[in-house]
Each structure stands twice: as C-alpha cells, then as structure tokens.
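A.B. asks: Chain residues, written in single-letter form:
There are 2 protein chains.
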Amino acid sequence: MAVRSVEPNQADQANALLSFDELRARLRAVGEERYHHKHPFHLMMHEGRLSRGQLQAWALNRYYYQSIIPIKDSIILSRGPDPVFRRAWRKRVVDHDGDATSEGGIKRWLKLAEATGLNPEQVRTGQGILPGTRFAVNEYLNIVRNRSLLEAVASSLTEMFSPELITLRVEKLRQHYPWLAGGLDYFEARLYQAPDDSKFAINYVFENAKTRAEQELATQALRDKCDILWAQLDALYFAYVQPGWPPPGAFRIENA
Amino acid sequence: MAVRSVEPNQADQANALLSFDELRARLRAVGEERYHHKHPFHLMMHEGRLSRGQLQAWALNRYYYQSIIPIKDSIILSRGPDPVFRRAWRKRVVDHDGDATSEGGIKRWLKLAEATGLNPEQVRTGQGILPGTRFAVNEYLNIVRNRSLLEAVASSLTEMFSPELITLRVEKLRQHYPWLAGGLDYFEARLYQAPDDSKFAINYVFENAKTRAEQELATQALRDKCDILWAQLDALYFAYVQPGWPPPGAFRIENA
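Line order of the protein sequences matches chains A and B.
According to the working numbering, the first sequence is numbered sequentially starting from 427.
According to the working numbering, the second sequence is numbered sequentially starting from 427.
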C-alpha cells in the first residue's frame with residue numbers, strides 16, 4: 427500500500443481556500459483574458475479609426491449601461507443586511523446619480539454623448555439603442571438580483587481593471603478626437619472613484635467567500651460581468667463597423 | 427366655433443381598439459420588419475454559403491434558446507390563473523420536453539446538432555455558447571416573468587411567422603447541406619405544432635387586450651421577441667462570419 431505523500435494531492439489543492447493574493451491574481455487573470463480592453467471596437471477607438479457616427483453609437487448605447495448602474499447598485503443596497511456595508515456601497519449610487527455638490531456620472535455621460543453631437547435628451551430616452559445592448563445590460567440586473575450577494579459584489583470587480591483602460595482611453599480620445607475633449611469629465615471622475623470601490627469590493631469578496639467553491643462563484647461572476655461588457659461591443663461592432671448592419675429600429679449613423 | 431367633424435379625430439383613432447383583423451395586420455407588420463427571416467446569417471444559410479462549422483455554431487447556440495422554451499412556457503403556465511388556459515398552454519411544454527409517445531423538441535434539436543457533427547452531450551452542457559446568445563435568451567425569461575400575462579403570451583407570436591421560414595429553411599437545408607438531412611425532425615414537428623399555438627395565442631391576445639394601450643403593449647412584446655431572435659444571429663454573425671471574432675471561452679470552429 428502506497429504511503430500517502432505529505433504533499434497535498436491535486437484534489438486538496440483544487441479545494442483549498444485561496445489566499446488574498448492568490449484570489450486577486452485569479453481575478454486579474456480573468457480580466458486579462460476577458461475584459462473589454464482587448465475588444466476590436468476599443469482597439470479601433472484607441473487607434474483613432476472610429477468615425478464620429480461610430481462614437482455616437484458607442485456613447486448612445488453605453489448610456490444605457492451607465493443608466494442602470496445606480497439601479498444595480500440600489501439592488502445590491504437592498505440586499506445588504508449590514509448598515510456598514512450599505513453605507514459603503516451607497517457611495518456608488520451617489521457617484522452616478524449625483525448630489526448637491528456633484529452632477530454624477532449619468533449626467534457626465536450625457537455630456538460626453540452631447541460632445542459626440544447627439545442630443546442628450548434623446549439619448550436619455552434610450553431610443554435607438556441596440557437590442558444586444560439592452561439584453562447584455564439587463565443580464566447585469568439579473569445577476570445582482572438572482573445570485574448571492576457575494577456574487578453580486580464580485581460582479582463589480584471589473585473596476586480593478588477600469589482605471590488602466592480609462593487612462594489610456596482619455597489619452598487616445600484627446601489625441602484622435604480632440605472635438606470630444608469637453609465631454610471627458612465622466613472618465614476623469616471614474617479615475618478617482620473606481621479604485622476605492624474595487625478595493626472595498628475585493629476585500630468584501632475575500633472576507634465573505636468562506637470556501638473555495640464560493641471563491642469560484644465570485645470568480646465566475648466577474649467572468650460573466652466581463653462577458654456583459656464584451657457583448658455590448660460585439661453588438662456595436664456588428665451594427666456600426668462590420669458588416670455594419672444595425673437591426674430594425676436602431677440608431678442609424680448619418681452620412682456614414 | 428368650428429363644428430366638430432363626424433369623422434373621428436386623430437387622437438380618437440390612435441386610442442381606438444383595433445379589430446381582430448387590424449390587430450393581426452399590425453402584428454404581421456412587426457414580423458415583416460423585425461422577424462429574423464431577413465437576417466444576413468439566415469440569408470447566407472439559405473443561399474448555401476455557411477460552412478459546416480458555422481452551422482455547428484448556429485446549432486450549438488440555438489440549442490440554448492430551445493432549452494429554455496419549456497422553462498419560459500412553464501413560467502407562463504405558473505402565471506395563468508385559468509385551468510382552461512393552462513391545459514391549452516401545457517401542450518407547449520409537452521411539445522418541447524416530450525412524453526411517452528414523442529421525444530420532444532429539445533431532443534430533436536440535439537439530433538440536429540449531432541447531424542452537424544457536434545457531440546450532443548457537449549451541446550447539452552451549453553459550454554461554448556456565446557454570451558450574446560445567453561443574454562438575449564435570458565431576456566425572454568425576463569419578459570415572461572416581469573411583464574403582464576398578456577405580454578408574455580404575445581411574445582410567443584413569432585410563431586405566426588415561423589412556418590413560412592421553416593418551410594423555406596428545410597427546403598434550403600436539404601438542397602445545400604444534404605448531410606444534414608437526418609437532423610431535420612425538429613423542423614418537421616414545428617410545422618404542425620406552431621400553427622395551433624399561434625392561433626390560440628393571437629385569440630388570447632385579442633380577447634384579453636381590453637384597451638388600445640394593452641394592444642400596444644402586446645405589439646411591443648412581439649417586437650421585443652423579434653429583437654431577441656435577431657440579436658442571437660447578430661452574435662453568431664459577429665463571432666463566426668464577419669469579422670469572425672468569437673469572444674474568450676466561446677466555441678471555436680475547427681479547420682475554419
């Protein structure tokens with residue numbers, strides 16, 4: 427009979443709780459593979475190859491995503507049993523909806539849309555957004571409603587990756603689309619908001635995922651969230667880049 | 427003071443309850459504009475321009491849609507207060523899940539997937555389906571869960587249009603992809619199942635939409651359902667036709 431090795435066997439390793447650093451590395455690997463910084467639509471944007479009309483389509487569709495962020499955060503608020511948790515999470519709703527001292531992210535995104543040449547009041551109605559945008563964004567609401575609070579929080583962890591992408595994007599937008607410069611407040615604000623948020627969320631996930639299985643669920647929630655961002659750009663690319671076939675009823679680029 | 431015309435004014439007309447024929451014509455117009463029979467992916471399919479790998483991607487992704495149909499119909503069953511309604515609607519669950527005398531639509535779709543060269547057990551796991559598929563299909567569940575029963579029923583009315591598309595498709599699949607011939611039972615069955623279903627549903631919608639506003643809600647539910655079908659093909663086209671960029675983790679065509 428073989429002597430059992432002192433080394434943990436593979437099954438033990440697969441079930442072992444990850445340390446904070448291991449978990450963070452695992453989450454970062456998800457971002458490296460799936461976050462939308464590598465999407466061809468963003469690559470084109472950063473290379474200056476998008477037309478004004480394509481940037482309009484992006485700003486219009488992405489507005490729908492922006493508009494549900496404080497709704498998804500309110501759902502998470504409604505599910506958090508702990509006042510300390512809710513006080514911390516409430517910041518997100520304020521960041522997007524604004525308060526007496528700040529216009530908030532939704533308003534800032536409308537300014538970006540306006541800088542692309544869209545009428546912000548029309549953008550606000552959501553008319554002309556792609557069904558693919560609506561379905562992907564609504565899935566974000568499904569996740570925070572229907573999965574555990576742990577997974578709902580973990581799905582926000584794309585904020586671990588967003589400061590790097592936003593830094594690059596602002597630089598490239600200024601360089602290639604200087605007429606957009608007046609509309610970049612949204613991104614400037616996110617650069618100081620997101621790091622606090624992601625730090626809180628990753629600590630929450632580490633402390634509340636008590637088993638490896640829960641750590642895997644949290645990782646999957648981040649993977650699914652990355653897919654939600656990615657699919658929005660797929661829909662944009664299909665409709666407005668190649669083959670350039672917006673579905674019936676969707677926004678049409680003028681003089682494209 | 428102007429004498430009021432005997433003709434109903436525009437506001438009255440916009441609020442007038444549609445007759446059965448008017449409502450049906452309105453619903454048919456939605457299909458003419460938005461049903462996926464005009465989608466470029468289907469046009470390619472019918473022209474014989476899809477590769478086996480592209481047909482595999484279609485069969486794999488569409489399986490996810492097929493697999494949730496009896497779930498969405500069970501949700502509708504659960505919301506129907508009337509035993510007569512539920513008895514009629516139950517047929518749909520049987521059609522897809524099967525019974526002692528029939529294998530059911532889900533099994534038949536797996537046979538189609540197998541005829542494309544996929545392993546049906548792998549298809550059943552759903553691994554490799556596009557996020558865009560998942561989000562669009564899940565939106566169908568959102569609609570039947572969250573809107574009125576009237577709208578949930580109306581969202582099934584794409585069956586008004588499916589027999590014509592399926593008749594064409596079966597002819598074109600036999601012509602261009604003869605190696606698929608053994609996998610077409612699903613479509614043969616739908617040709618006799620769908621007409622009864624759509625007849626019941628349109629009668630239900632007409633009888634239960636008591637105001638023009640409700641008729642408009644029903645029409646919008648059909649529009650949204652068309653978008654759900656259309657968006658699934660957008661995702662397929664983007665990933666497997668042009669530019670041909672499947673997202674991380676999705677099915678890859680071999681030897682493409």
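Simulated from the structure, these hints should not be mistaken for lab results.
Every residue, glycine too, gets a C-beta built ideally from N, C-alpha and C.
Misleading hints may appear alongside valid ones.
Said to hold, decoys possible - For lysine to any residue, the following SDA-like pairs were computed, each having C-alpha atoms within a straight-line distance of at most 25 Å:
id, chain 1, residue 1, chain 2, residue 2
1, A, K464, B, K537
2, B, K625, B, A607
3, B, K464, A, K464
4, B, K464, A, G670
Claimed, not checked - Facing chain A, from chain B, some residues (calculated, C-beta under 10 Å):
id, residue
5, F446
6, H465
7, I501
8, A514
9, G552
10, L556
11, R649
12, A657
A.B. asks: Of all the hints numbered above, which does this structure not satisfy? Sort the numbers upward.
C.D. replies: 1, 2, 3, 5, 7, 8, 9
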